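Knowing the structure of chain U, use the given hints to seat chain B on it.
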Amino acid sequence: MVGIVSYGAYIPRWRMSKELLGKGLKGEKAVAGPDEDSLTMAVAAALDCTKDVDRSTIDGVFFASTTSPFKEKGVASIIATVLDLRRDVMTADFGGTLRAGTTALKMALDVVKAGAARNVLVVSADCRLGAPGSAFEQSFGDGAAAFLVGSTNLAAEYVDGYFVADEIYDVWRRDVDIYVQSWEDRFVYTRGYLRVMREAIAGLFNKAGLSPGDLYKAALYSPDARRVGELARAVGLDPRTQVQDPMIDSVGCTGVAHAPMLFVATLEEATPGAKVLMASYGNGSDTMLFTVKEGVERLRGARRGIKGHIASKRMVPDYTTYLKWRGLVTLPERRVPMAVSYPSASAMWRERHRIYPLHGFKCKKCGTIQFPVLGPSHRVCVNCKTKDEFEEVRLCEKRGKLFSFSYDFLRGVPIGLINLEGGGRLFLEITDADVRELKADMEVELTFRKLDLWRSDGIYGYFWKATPPRT
Amino acid sequence: MGCTKFDEHWDKSIWDLVVDACYEAFEDAGIEPKDIQAAWWSSVIGGFLGRSLNYALKLDYIPVSRCENRCASGHDAFFNACYAVACGAYDMVLVCGAEKLKDAGLPIPGVVDPAEPYISRVDTRFPPPAAYAQLAVRYFTHYGIPIEKGKEILARIAVKNHYNGSLNPKAQFQRAITIEEALKAPIIAWPLGLYDCCGITDGAAAAIITTPEKARQYRDDYVLVKGIGMSCGMYQGEYKDDWSLTYIEENVRASRMAYKEAGIENPRKQLDLAVVHDCFTITELVIYEDFGFSPRGKAPEDVEAGTFELRGELPVNTDGGLKCFGHPIGASGLRMMYEVYKQLQGKAGQRQVEIRNQLGLTHTLGGTPVDSNTAAVAILGLRGA
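In order, the protein sequences belong to chains U and B. Residue numbering for the first sequence follows this note's numbering, starting at 11 and increasing by one per position. Residue numbering for the second sequence follows this note's numbering, starting at 178 and increasing by one per position.
Hints may contain errors.
[Said to hold, decoys possible] When the alpha-carbon atoms are kept at most 20 Å apart in a straight line, the in silico EDC-like pairs for lysine to aspartate or glutamate are as follows: (1) B:Lys417 x U:Glu431; (2) B:Lys417 x U:Glu278; (3) U:Lys449 x B:Asp419; (4) U:Lys395 x B:Asp419.
[Stated by the list, open to error] If you want the ones that stay clear, here's a sample from chain B, every Cβ over 12 Å from chain U, calculated: (5) Tyr200; (6) Tyr260; (7) Glu358.
Think of the hints as simulated: they come from the structure by calculation, not from any bench. Every value quoted in this text rests on a predicted model; they were computed, and no experiment measured them. Glycine residues also receive a C-beta, built at the ideal position from the N, C-alpha and C atoms.
For reference, chain U alone in the conformation it holds in the complex (with noise of 0.2 Å):
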């Protein structure tokens, strides 16, 4: 018996009013800050799924995207580092089609039952680009699920999937593109998505022996709030009571992440004994068919997921800060005072423990709590100048209160001092905050989000901020 042992999701703070993108427009869509992307977001969807788990039984970390911020360099791996797993774990990136996270899902629970690992977990992000100006701009949205693969206290159980290859230039995206682009959409509907999906739906009611009716939702990739309803009727559901909301006008199309955001909201809501069906979209189709099993209720209310995510929200001002984000209107370059050093490859290597995980130095004589803001090391105790009797302690899960903060124009980001609970002092910028609403000691988290280094040497560097609780 495999399955599903636990969820997570995450759902950008920031929200586009599509009124932005066209007058008249209804509804908005998740986009991902200045500071995010399909890297940070898997790595909060992570968290929020491995909560409370014992990480030393994750034995593979699976990341899957068509919008990775490399093109040659592993994102699972730096997951890994963050969730301080073990250095003996399997990671994969999986990419190229939208069905990414449903493949890698399913490369998952082979391997755990293959008895190849006790637990794997899955992310799935993406931040897709639609033109500037495009249906698709309008319907896509950014955001992850992530879910931990294993045998026992399951939340959803495995039962069946039927899979369709398919070759067609509906949607795609070259090597060399920026944005998606597509066929006239007859095609792409008639010829694409609803003829595969039918396909693969019907084909696994078949195989399972399943009748529609016996389903309690499925969560069907969406790539707009209209054909998920003409899908379903084709497939012979009830587009009002047995699909789960697409989230095209609260969300978006999440790409690779659609279907897998799909069924935790799916999760969120059922019970145990519930039969669940997933089906991405992308080239052919995965669908998997699920039974709701009695672990769920242990993820109830412990899982930010969808629910505890959506609520929370800002809104982009306008579109010109949107283009700015995407770095698709280009700025004169930074006037910068003298020369600014480069962010250094080795440096960062040297320093991936406090920069990942966020590790600190916990003096074993007095047990000051000392984050190593100046590199790799802390050698001697600042409280009692004991030299090398420390312990690293994980610091990047704990809240913290903001001890003190401001907001200067230079930088444009509010920056403070953070007291995290249990001890620890951490100097860093303060993410998707309204400055207005900042006060000296009110509770803060951390969030991993990518730095806008102001030269940057061809290197993305990832650290980690405060921001507001998002619940």
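Just chain B now, kept in the frame of chain U:
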């Protein structure tokens, strides 16, 4: 001593400023450039070699050392020159500090750190106003002072320094301001506004140091170095999570070292004036407490009472301070000494304060309250002090 006007010197190079400040000092001391046996050069971005100074002055193959210690550079160079004279190695040396920030801009901690040429760069970058604003937020929070009230106290410090600067022909900003102007000024780093922050400026200042015995051969009103103190922090502002962020320990340590050497037990009573590092008005506020001018938490009351105004009990920043001079980093410490030097000699014109105990204090502070600082304090006095 010598000191240029501090200004936006678009039409002068840093070497013009160096020549102007040093030749004023030579003339003031009554010596020739050839009398200088060694020199110390204080500049953060103005010239990275000791001999950079000599490119301008062309002193004849003498030793020149560069002393860079951020905002405390001027004091540090001065201290090293004093030590060299005190130990008997030389008896006539030059210290010069100069900076030309208007051409290049201010190096920002975390963005430019000459000590860390190649690092991961993941840590939070911040310009100085954002760091000192944190001190203001925490000071006000700690003492239960509403932000609006706190800003008014800071505005009073700005008004005082701008008044003093209005009387000083060498200041960059020679305009008095009102509390209303200060409170309504644009925000630079909340809650600090334009008048809470010092400017970015070009300037140079210089001092000639010799032995007391030799000084007597040149003039009667020579000024003695009565005591010096320097203290360096250890990034305790972030390493220590119980650090209160309501004061600057380095200020406390450096001032006590200098007081001890100068025999000062009650600085508020014994000092005739102090010229301190008002990079931001909040810095000057905590300095009052750090230096023992005011009890902890009581500096706002002393500000409201006018204690530190030009005609107050202990005038502070009589020349207008960094508020009116701006902060050409390597030059500021020597610019402060220039003011105390002139005040002790009774040559401060409209700004002249009453010289009772013949003692004045100067102070620079390099660093930020959110990590740590280098604080440097010098007590200068006349022969009878």
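**OP:** Take a quick look at whether Lys417 of chain B and Glu431 of chain U sit within 20 Å of each other, Cα to Cα.
**Re:** holds (14 Å)
Original post:
Is the Cα-Cα distance between Lys417 of chain B and Glu278 of chain U 20 Å or less?
Top reply: violated (42 Å)
Original post:
Is the hinted pair Lys395 of chain U and Asp419 of chain B satisfied, with a Cα-Cα distance of at most 20 Å?
Top reply: holds (16 Å)
**OP:** Measure nothing beyond the straight line between the CA atoms of Lys449 of chain U and Asp419 of chain B; if it is 20 Å or shorter, mark the hint as holding.
**Re:** holds (19 Å)
Original post:
Are all C-beta atoms of chain U more than 12 Å from that of Tyr200 of chain B?
Top reply: holds (29 Å)
Original post:
Should the label of Tyr260 of chain B as a non-interface residue stand, given a Cβ cut-off of 12 Å to chain U?
Top reply: holds (27 Å)
Original post:
Hey, does Glu358 of chain B actually stay past 12 Å from chain U on C-beta?
Top reply: It holds; Glu358 of chain B is separated from chain U by about 19 Å at its closest Cβ, greater than 12 Å.
Figure legend: structure checked against the earlier numbered hints; the only hint not met is number 2.
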